[in-house]
Amino acid sequence: MSQRIVLGFDHPPRVFCRIGGGENRLLFKAVTNRGNIMSQTTLIVGLDGSDAGKRALDFAASRAKLIGDCRILLVYVIEWSPFSFQTAEENEKRHARREEELNLARERVIDPAVAATQSDGCTVEGIVKHGDVAEILEKLARKHSASQIVVGRMGERNMKERLFGGVTGRLVAASSVPITVIP
Amino acid sequence: MKRFLTSGMAAAALSLPTLAAAQDAVSFDQKVNDVFASSTGWFVNLIFMSLPGTSFPWIVLWLVVAASIFTIYFGFIQFKAFGHAISLVKGDYSDPDDAGEVSHFQALTTALSGTVGLGNIAGVAVAVGIGGPGATFWMVVAGLLGMASKFTECTLGVKYRNEYPDGSVSGGPMYYMTKGFKERGLPGGKVLAVIFAIFTIGGALGGGNMFQANQAHAQITQITGDFSGLITGGIFAVVVFMVIVGGIKSIASVTEKVVPFMGVMYVIAALIILIVNADQIGWAFGQIFAGAFTGLGVAGGFVGALIQGFKRAAFSNEAGVGSAAIAHSAVRTKEPVTEGVVSLLEPFIDTVVICTMTALVITISGVLVMDPATGNFVLNEAGTAIQTTDGSSGVALTSAAFATGFSWFPYVLALAVILFAFSTMISWSYYGLKAWTYLFGEGKTTELIFKLIFCFFIIVGAAAQLGAVIDFSDAMIFAMAVVNITALYFLMPIVKREMNSYFGRLKSGEIVKYER
Numbered sequence: 224m225s226q227r228i229v230l231g232f233d234h235p236p237r238v239f240c241r242i243g244g245g246e247n248r249l250l251f252k253a254v255t256n257r258g259n260i261m262s263q264t265t266l267i268v269g270l271d272g273s274d275a276g277k278r279a280l281d282f283a284a285s286r287a288k289l290i291g292d293c294r295i296l297l298v299y300v301i302e303w304s305p306f307s308f309q310t311a312e313e314n315e316k317r318h319a320r321r322e323e324e325l326n327l328a329r330e331r332v333i334d335p336a337v338a339a340t341q342s343d344g345c346t347v348e349g350i351v352k353h354g355d356v357a358e359i360l361e362k363l364a365r366k367h368s369a370s371q372i373v374v375g376r377m378g379e380r381n382m383k384e385r386l387f388g389g390v391t392g393r394l395v396a397a398s399s400v401p402i403t404v405i406p
Numbered sequence: 408m409k410r411f412l413t414s415g416m417a418a419a420a421l422s423l424p425t426l427a428a429a430q431d432a433v434s435f436d437q438k439v440n441d442v443f444a445s446s447t448g449w450f451v452n453l454i455f456m457s458l459p460g461t462s463f464p465w466i467v468l469w470l471v472v473a474a475s476i477f478t479i480y481f482g483f484i485q486f487k488a489f490g491h492a493i494s495l496v497k498g499d500y501s502d503p504d505d506a507g508e509v510s511h512f513q514a515l516t517t518a519l520s521g522t523v524g525l526g527n528i529a530g531v532a533v534a535v536g537i538g539g540p541g542a543t544f545w546m547v548v549a550g551l552l553g554m555a556s557k558f559t560e561c562t563l564g565v566k567y568r569n570e571y572p573d574g575s576v577s578g579g580p581m582y583y584m585t586k587g588f589k590e591r592g593l594p595g596g597k598v599l600a601v602i603f604a605i606f607t608i609g610g611a612l613g614g615g616n617m618f619q620a621n622q623a624h625a626q627i628t629q630i631t632g633d634f635s636g637l638i639t640g641g642i643f644a645v646v647v648f649m650v651i652v653g654g655i656k657s658i659a660s661v662t663e664k665v666v667p668f669m670g671v672m673y674v675i676a677a678l679i680i681l682i683v684n685a686d687q688i689g690w691a692f693g694q695i696f697a698g699a700f701t702g703l704g705v706a707g708g709f710v711g712a713l714i715q716g717f718k719r720a721a722f723s724n725e726a727g728v729g730s731a732a733i734a735h736s737a738v739r740t741k742e743p744v745t746e747g748v749v750s751l752l753e754p755f756i757d758t759v760v761i762c763t764m765t766a767l768v769i770t771i772s773g774v775l776v777m778d779p780a781t782g783n784f785v786l787n788e789a790g791t792a793i794q795t796t797d798g799s800s801g802v803a804l805t806s807a808a809f810a811t812g813f814s815w816f817p818y819v820l821a822l823a824v825i826l827f828a829f830s831t832m833i834s835w836s837y838y839g840l841k842a843w844t845y846l847f848g849e850g851k852t853t854e855l856i857f858k859l860i861f862c863f864f865i866i867v868g869a870a871a872q873l874g875a876v877i878d879f880s881d882a883m884i885f886a887m888a889v890v891n892i893t894a895l896y897f898l899m900p901i902v903k904r905e906m907n908s909y910f911g912r913l914k915s916g917e918i919v920k921y922e923r
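So the sequences go chain by chain: F and S.
Quick note on numbering: the first sequence equals residues 224 to 406 in the numbering used here.
Quick note on numbering: the second sequence equals residues 408 to 923 in the numbering used here.
For reference, chain S alone in the conformation it holds in the complex (with noise of 0.2 Å):
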């Protein structure tokens, strides 16, 4: 962590120079690159090495192996207490005398405004590309058991959040792994926090913030030609820094309007590109579940599809990273169960229906392309991936399949981007703010100095290639993965003694709905 930050500090130093004269920008960004690459490589390597003699991450495994367990160990959470979700969310349980505190809704939404975004666009993308129709069915059932892990962390987070006697609530993995962990007189509860901070930290500044002010900026200079990063960082940099550190709320309130907005157009523009192609969708599922199981011939066959599928579940709705523990516990309730039932709801609306439409749509679209003798998948010259027809891949395959529905979509599908970009940055500097704070304390001073490094490095993701730092900050959001599994492994039976007294009593008939 030491090393990452003095490595953020010369580049702040460095980065003067390049703002006079640009044409350094190369060996400047190829500089950081190599520090980075050599003295951080190991530990991406580390994160994302794969099994022996497979091609499969072991970190991916470790996420869906916790999601099964989780599923199994709580009675299938996810399916029995869907409608239960909706109820909450809907509001029938709150107290009406408790309105003006944060609904279920609210904390709900917060929470996936950090998680909806670029994966569901370009990620999804690179899965179908890669893996075929086939890695939509694993992305699903992924999904649907990352529900059982959200509703884990959620509950915990809610029950051993810090409430300040100003009101104010402070809540996440930290919090749960040094209470939780003294409740149940284990050890080690506090080195797991401080090791789970340094990494939330780490990943708020690279995939919550370098990697989207990355993509953001490619996403415009594919529109606009190319231009300078620093231009994109630095407007970037300047609205986020005024939402963060100035405190401008209509900023973030119209962002948080347009945001769920841009969602919801998202899912109608795909609908009505599936309706329109109605006839097809029997096929597209035919496609998918042939594709589960034999991989139509993609890179990889039917393990390709499987390695997409999971991979980019698991990297879309952050299930098990612990990031949602933090988001969702601001709400106002007392049943800390009551918001993990809430955010199981989560990975169902990133996963399971959003990321399902963009998969629906490229293989709808027939920009994948198919040997007609055959029925199997026609790869590029590498061999890596599935040809497409105009070659594209990533958040320009997606761009591709919009636009035979809709020429003008890429341009929203743009303006998509950059605002979701916008909201997890806004979000990520939430959760490092508070691995932060609870590293170095509470107080102006130091909520200041994390904030002014957040804002400076959206300048450093925008205007630099800098793949390895890239590759670090996303290792590091999946190193939170590791520690949060690993306390929640600990702490589950407590989510479940829980659990069972919730459900009890709203079968008792001792929680009811309010009257409205």
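Isolated chain F, as found in the complex (with noise of 0.2 Å):
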């Protein structure tokens, strides 16, 4: 007598099965390398208060909806190297310049990005961190693991982008997760 075996998964990744017309019963879920279960899609957005980033937030709002159970991380980079040459005088104002950066950078694009967002009905958060933008993105995206990073393209703006590659390139080439680039 045969059995018919029914194997079915759902979203947040679990996989089941159904012997027959018994019970479904759970074969095993997925989860992330820090051991908790991947209940929820992160998405990470990379924003620049330009329109590249505004588009690669809808982007993102848009696949949230699809995806069903979805949080949203939105990021916005200060460029910042520990590495830069200072005068003592900056030294001396940097901790304070500091929150001015990361106050501004959340009043003006990260809080109005969150706030138009949530409206969709997703889980938003705003991240805003001082450093190397490509950097960053892929270390939260690991952090947070991820399924993917939006950014939106910039284009390259200077000598050295032209030569080294932008922000976009470096973040492909260096990124542990798949990489969506709104044109």
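Below, in silico cross-link-like pairs of lysine-lysine (DSS-like), each with a Cα-Cα straight-line distance of 30 Å or less: (1) Lys362(F) - Lys497(S); (2) Lys316(F) - Lys586(S); (3) Lys316(F) - Lys851(S); (4) Lys316(F) - Lys589(S); (5) Lys362(F) - Lys741(S); (6) Lys316(F) - Lys597(S); (7) Lys277(F) - Lys362(F); (8) Lys362(F) - Lys920(S); (9) Lys920(S) - Lys366(F); (10) Lys362(F) - Lys914(S).
The set of hints was computed from the structure by calculation and includes no laboratory data.
Remember, it's a predicted structure, so these values are computed and weren't measured experimentally.
Dock the two chains into a complex; use the hints.
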């Protein structure tokens, strides 16, 4: 006598099987590399206050709607290197300046974007950090087990970027998760 | 100090006519020179006084003895913590959540831009020109010892800095003198701090300003031919004004990028010359070691080499002077010792690497005249220095030595001297300002007054041949070391406690590297 075995899966990824007319039985569930259940899909969106960033956010929001249970992390990175050269006076004021920069980025870019996206019904969080854009987006993607990073295409802005590639290029080269670049 | 300032004001009033009638400049210079020499000469003589029966200035011994004591007291920290210093500068122990704050690298390079400069180019040439290649050996020894002095003062600088509600910080010897002495229950901290602040203002206006402007002008005229220093001084003053008063960041950031580039280029050029003459490096080191103990016939023999080497190292890396403690105290760290450890790289880069490069190039280039029969150096007619192939000394000697490798290098060197002078002025304007606000209080107007005085002194420095003024301001910088090191002796147990605690926790694994 043969029995029908039905395999099924849902989102967040869980795989079930049903033997004959029995109950659904959970076979296994996908876990993140940090050990917790991957209950939500996380999308990381790089914002820079430009139209390209806005397009990336729109795209991510529309995808999030299709996926369902989805979390969007909006990330604004303030370009900064610990290996730049500063005057003593700049060093003295650095801490205060940093706070200003963080507040400004939250006020001008992240908060409005979070507010606009939240009305679409998905979970949205904003993050502002100092550092290298490509490096930080990649690090956050790993930390939050993101399924992809969405960024807008910026084009090469200066000689250095023409020679060594812009943020997008470096991100594509270094990332451990898929990247979607919005033209 | 008051006399110093009023003379400065007198100079301000007097310099206006010189703009109109340049021919009066000589007599004006002479007048200021005379007033200074008669009123401040005793102070200069006191600071640079030789030890009885020798030509060894006591201030140099003061710095070297202090550096030796700190080296032993902290258990050769400069060698033990060297690897850890590099690890800290790389950011291995920096919390990623602190990104955007002042890093160890930034604090180090800011402090370095205040010390790397004329001392490394002109000062070394003077040392080798008078003391022979052997001076290099003693310079390196003094540089290595000086690392312990920097460690001590910079740890204290961070520990006792003032943090204000707006998040800005002010640190330096003034603060560790007052707060540190109070903590140890010692009297006199405030008095030391005030004296130190006065000397710092003098040093900032002199060695950190007039001397730099003066030498930059001398360097420019060597290439372009003679013209009025008022022009050079005026241009420098306007640019410095734009940076420190106008807050024009672009100029500062250009300098900040170009200066390290110049430093690296200088070292690379030196390395290329050394590689091309690789077969002579062994010989050059032989000269350095032989000269260090015999003098190879230089003026003053072995003692002459020793004095010159020690003197140049102390003048170049400012270890023990206290200036670096001001620059290093802006770093973001919870552990004051970390910045002390990072700061010990400063004399290493400044003296052990850059100064040694200059000395090696001068030795190998053959610009110093040697008697092939005896292997000893030939002295000039006066018997005060080694004869050079083209009779040059100071920065011109370095220039001639590098020109044996690259004929165009003197132009690069001139540019480097100008930029180094500029960055040193920017750094010292800050040190001076910190001392000024310590004395007169923080505030926009008080700060502006100092900045205007500072810019004015640039013009005076470039325009005038004020030997006495410059001697006085050099003396001021070393007077800073007298006060600072006195305080360091009283406060060094605090540094030791911090050091043992930090390295203990590092060893036990309580302090670990951050994941990158």
